[in-house]
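Peer 1: What follows is each chain in one-letter form.
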Amino acid sequence: MIRFILIRLLQAIPVLLIISVVTFAMVRTAPGGPFDQEVKMQDEVKAAIEAHYGLDKSAIEQYFVWLGNALQGDLGPSFKYPNRSVHELIGDAFPVSLELGIWAMLVALTLGVGAGLIASTRPNTSRDYLPMSIAMFGICIPRFVMGPLLILVFSIYLQWYNSSGWFFASDRVLPALTMGIYYAAYVARLTRGGMLEVLGQDYIRTARAKGADEKRIIFKHAFKGGMRPVVSFFGPAMANLLAGSFIVESIFQIPGLGRYFIMAAFNRDYFLIQGTVMTYAVLIIVLNLLADILLVWLSPRLRFD
Amino acid sequence: MNLKETLKVLLGGSLFFAVSILLLYVLSGFGDRPRLADDGAKRQILHIANGSEPSGIDTHLTTGVTEHAIQMALTEGLVSEDPVNLDPVPGIAHSWDTSEDGTVYTFHLRDALWSNGDPITAQDFVLSFKRALSPKLGNEYTYMLYYLVNGEAFFKGEVEFNEVGAKALDDKTLQLTINEPTPFFLSLLNHHSWYPVHVATVLENGDLDSRSNKWAREDTFVGNGPFVIDEWKVNNVFSVRKNPLYWDADRVKLQGIRFYPLESLDTEERAFRAGQVHKTDKLPLPKIPFYIERNDPNLLLAPYLGSYHYSINTTRPPFNDKRVRQALSLSIDRESIVKNVSRAGEQAAYSIVPPDCAGYTPRQLFEKDIVKAQRLLAEAGFPGGEGFPEFNILYNTLESHKSIAEAIQQMWRKNLGIDVGLENQEWKVYLTSKMNMDYDIARYGWIGDYVDPTTFLGLYTSYSGNNNSGWGSQEYDDLLAKAAKAKSLEERMEYFHQAEKILADESPFIPIYYYMSSYLLDSRIKGWYPNLLDHHPYKYVYFEE
Amino acid sequence: MSEAANNQKNEVIDLAHVEKGSSLWSDSWRRLSKNHLAVGGGFLLLAIAIVCVLGIWIGQSHEEQNLSLGPTAPSSDHWLGTDMLGRDMLARILFGGRISLLVGLVATFVSLVIGVIYGTVSGYIGGKVDSVMMRIVDILYTIPFIIFVILLMVFFGRNLVLIFVAIGAVEWLTMARIVRGQVLSIKNEEFIEAAQALGLSRMRIIFRHIIPNVIGPVIVYATLTVPSVMLLEAVLSFLGLGVQAPATSWGALIKEGADAMEEYPWMLLFPGGALAITLFCLNFLGDGLRDALDVRRSKD
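Those sequence lines, one after another, are chains A, B and C.
According to the working numbering, the stretch in the first sequence is residues 1 to 305, in order.
According to the working numbering, the stretch in the second sequence is residues 1001 to 1545, in order.
According to the working numbering, the stretch in the third sequence is residues 2001 to 2300, in order.
No wet-lab data here; the hints were simulated from the structure.
Warning: the hint list may mix true and false statements.
[Stated by the list, open to error] The calculated lysine-lysine pairs, modelled on DSBU-like cross-linking and capped at a C-alpha distance of 35 Å, are:
1) K1172/B with K1136/B
2) K1042/B with K1526/B
3) K210/A with K2034/C
4) K40/A with K1501/B
5) K1172/B with K1214/B
6) K1130/B with K80/A
7) K57/A with K1136/B
8) K1339/B with K40/A
9) K1253/B with K1172/B
10) K46/A with K1282/B
11) K46/A with K1130/B
[As the list claims (entries may be wrong)] Across the chosen pairs, the derived CB separations fall in these ranges:
12) G73/A with D1478/B: 54 to 62 Å
13) D1219/B with K215/A: 58 to 66 Å
14) Y1529/B with G68/A: 50 to 58 Å
15) P2074/C with D1478/B: 55 to 63 Å
16) V2165/C with T1361/B: 51 to 59 Å
Ideal Cβ placement from N, Cα and C applies to all residues, glycine included.
Looking at chain A on its own, in the form it has when it is part of the complex (with noise of 0.2 Å):
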């Protein structure tokens, strides 16, 4: 196993360098500078800040300047925030978003799993059916529709918490569920279904016939065989919770990393765009692997190769 972690991990080093060069291209391509704004600005005050920011040389070497600096820790100043730089600004931001991912996996987890396995044990009965109709009106309710509804009931109308804001541990309430409910109604569905499938496989047949306890059977038996699609699901979708959400985080005025990814794209702000991205993929890189490697945990047979 740490043979196949340590060759993950210097796959990881052609991926990162990959994704580094496409989306430093792509930013590039993109119509629109980071200088760019309603109030044209003089000639002579946009060359001068493009020759601060190195932006006056060409784009090749440019990258390598990035790579050099990158390499060193130093990820660069972001446009849009000249006093901070961008790895202060990920490095404020990260937290908070690993913080309330955390929070909302939990409840995506323990909402999803539950009414997943409740459902797969009595598929097509009224103990199948209200979980996942609930589930699918969790899906069906977008996440800017969700957070407003909690907050007018739970701040505005109940006068509970906060409607946003990141100050107290009472924050993290709304928010968590906006998020985890969401991904709750995927897992729950996904566990369903995994479920169903390792729940008729032969074994589990032999079992039941067998006289096996029901309750051994799904917890001992058929448990981690059904996770395999969540945990496939996990990987990339753990990665988008710790990298936080755009729209979660503006509802909820959260400090978070989320907002970054989507603002800094906006903002054409070169080097925080390139920052998020390498971040993110860091993330899904180490996620990946890490449902990888449960993965291997969950099915019998597989081996480490």
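Chain A is fixed; fit chains B and C onto it per the hints.
Peer 2: Same frame as chain A, but now just chains B and C:
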């Protein structure tokens, strides 16, 4: 499935629901949520929803309204503004003299202090202006200082700074020499590009003219305004507290201000209703009529110094024909748009300068006239809109822009028989299209920098970098040049009227409405007066005891 | 060898017979048609699609404004109310359904096909090929979506096909990972080894034995993809790709409705309801398909 089973499921479901509600309740601390707005009103702390995270507070690097709202608390210029009518009132300068010809201003500074205790000197101002004009810094508002003699020449590297018209006669006397008499010069000094910076602090943190100089951060910043920084958490809160060293500290009643970068208008409005902020940035469109209808005491609607119009690309046929442009403009029902579409009490616009702009109100030079529009269109060779080529209205993606474009699309179809397509683009793409004149008709919002008609009329001069219509007229440029040298206010106004006549006749753009500020303001707040720039000097603001 | 493995081996041999007689697919079809919920869902879905396509003839126009009317609640004139510009919501929902159903179903189907084939090949072949293929997926995950869409438009203009390209580019990735995970877990099972021993070709094993065995979670995920694709389409129109106003889609209508959910709830409820009904239909149909395609069920 039998009855027992169903009951079990229902029971289980409701139990789960009850437990989760209970859990939520526990986490919330049993509902004793502190209402910041009430607490703030008691302790004189103002909570403001401020649009977005400020890009910074360095007055020479910022351009936005968001940043200005914070800078106004931290920094003060030579003059300050009257909270009611924004007239210049003494700021760091307690008085000033003007030369006969109106080109030399001598300011006498008071014994005011920086927030670190240093005295504010005339040299501070001179060096600040040098920084603002330095070619390397990349200050987008350098042109605001071009009024100074040789300001532009210094920026372009043609002269040394000692030739620029900004001199410290002694520690407390500052002399500014400007190119030509400018009636609104004192108001200009209220623009943040004229604010001073604490030069010693800037130099401690790097070069005077480096963009990456990190002097303007929470731990290093030194200001001279009524408030000082308390705490700055990116994307979370910018908090200031009263500055005891401020020269007019006795007048300042607020103990502190918290600026929250609430980006979503709906989030702001909800935060207001949840009792977390006293002021929002802008009210979401669908909500405005409801607030108006119930006479909400917290709603503030006031004219704002901005023009919403459609710029026409006059280089593309058939828009090179002014009859076509006039027809498009004449056939729009602006009254219906402001009443039914934008719905924030805006005023329909028939010119570019908003009414009552520094004493100037444009005459209404035309009105909706569909018959005339149809006739003009027919004369241009498109009777009943027949044969009119395909074209698009370009706008940056925003629900309100879309609604207005849709309404105008239908008006042109009905009134003129021409079919226009709509094209939305993401902000930067839209800007690029506009700048490269890669459009037929484009939405354009123009906000005045200062209260004077020139900030609007200057937009459509042939040399303006922001005139993307491809239209230009020597006669028009000349009129504005004459206005700049006008001897009397009446003469000046008359030139403006003539200039607007040309605009109405040539129609290089289609005026639609003048902006309104529309936001929520806690009715307990006093000393907050609606005005064209939406500037509200915080030292006059307080909560009623 | 365990009893279960024995059964599976028999199954493979059985299947080899079945192929000659009644095919796996016609068996599945027969099973599907017996599932009333699935059939009902399918018919309702079809009905929605037909109504949306024919909706242009209901007498109201999706773009005819009535500015002085403005947003009004459902009434006898406008069964589902009107929107901000006084346009009939029913007409707009029906019109929007065309683009949403098209994008939702086609884009999902495309991502399903790509994802299933890619994931199966990657998982089944394994080794270096699997590594490279999965690293490509990792790379594609990280492409900044907004910039990608903007570039698409710069190079290809605004074009309906681009919507499928843009959505397809992101939606198949997770599908591929799920499929690969499933394939990895079954490829060492005896019945696959048996099929290999029987000398079946790689393609045949993939399409005959592997895909049918992993299809369950895949269909579930595909039905989940439809609503997210429909909402993604609204994001694309934000960037200028997709339908242009005054044409609309469910995603765009829901977005508009969400902005006014307190004031004019019908603007959110009805398009949201349309999306929900579609999703439920798809879901029943998906579950039915899953059961019908389940090779092990065929023994029942």
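Peer 1: For each hint, tell me whether it holds in the structure or not.
Peer 2: Verification of the hints:
Distance hint between K1172/B and K1136/B is fulfilled; the C-alpha atoms sit about 29 Å from each other, no more than 35 Å. For the hint pairing K1042/B with K1526/B, the CA-to-CA distance comes to about 13 Å; that is within 35 Å, so the pair holds. Between K210/A and K2034/C the CA atoms are separated by roughly 31 Å; this keeps the pair inside 35 Å, and the hint holds. Restraint check for K40/A and K1501/B: the C-alpha separation of about 26 Å stays at or below 35 Å, so the hint holds.
At roughly 28 Å between alpha-carbon atoms, K1172/B and K1214/B fall within 35 Å of each other, so this suggested pair holds. Proximity of K1130/B to K80/A is assessed by CA-CA distance (about 24 Å); at most 35 Å being required, the pair is judged to hold. Between K57/A and K1136/B, the direct Cα distance comes to roughly 17 Å. Compliance with the 35 Å bound is thereby established for this hinted pair. Of the supplied pair hints, the one linking K1339/B and K40/A holds, its CA atoms being roughly 32 Å apart against a limit of 35 Å.
Taking the CA atoms of K1253/B and K1172/B, the gap is about 28 Å. The hint holds against a cut of 35 Å. Annotation: proposed proximity of K46/A to K1282/B holds, straight-line Cα distance about 31 Å (limit 35 Å). Under the criterion of a C-alpha separation no larger than 35 Å, the hint pairing K46/A with K1130/B is consistent with the structure, at around 18 Å. In this structure the supplied range 54 to 62 Å holds for G73/A paired with D1478/B, their Cβ-Cβ distance being about 58 Å.
Hint check: D1219/B to K215/A, Cβ distance near 59 Å, so the stated range 58 to 66 Å holds. For Y1529/B and G68/A, the hinted distance range of 50 to 58 Å is satisfied, since their beta carbons lie about 54 Å from each other. P2074/C and D1478/B have their C-beta atoms about 60 Å apart, which keeps the hinted 55 to 63 Å range intact. Taking 51 to 59 Å as the suggested C-beta distance range, the pair V2165/C and T1361/B conforms, at roughly 53 Å.
Consistency with the previously given hints is maintained throughout, with no hint failing.
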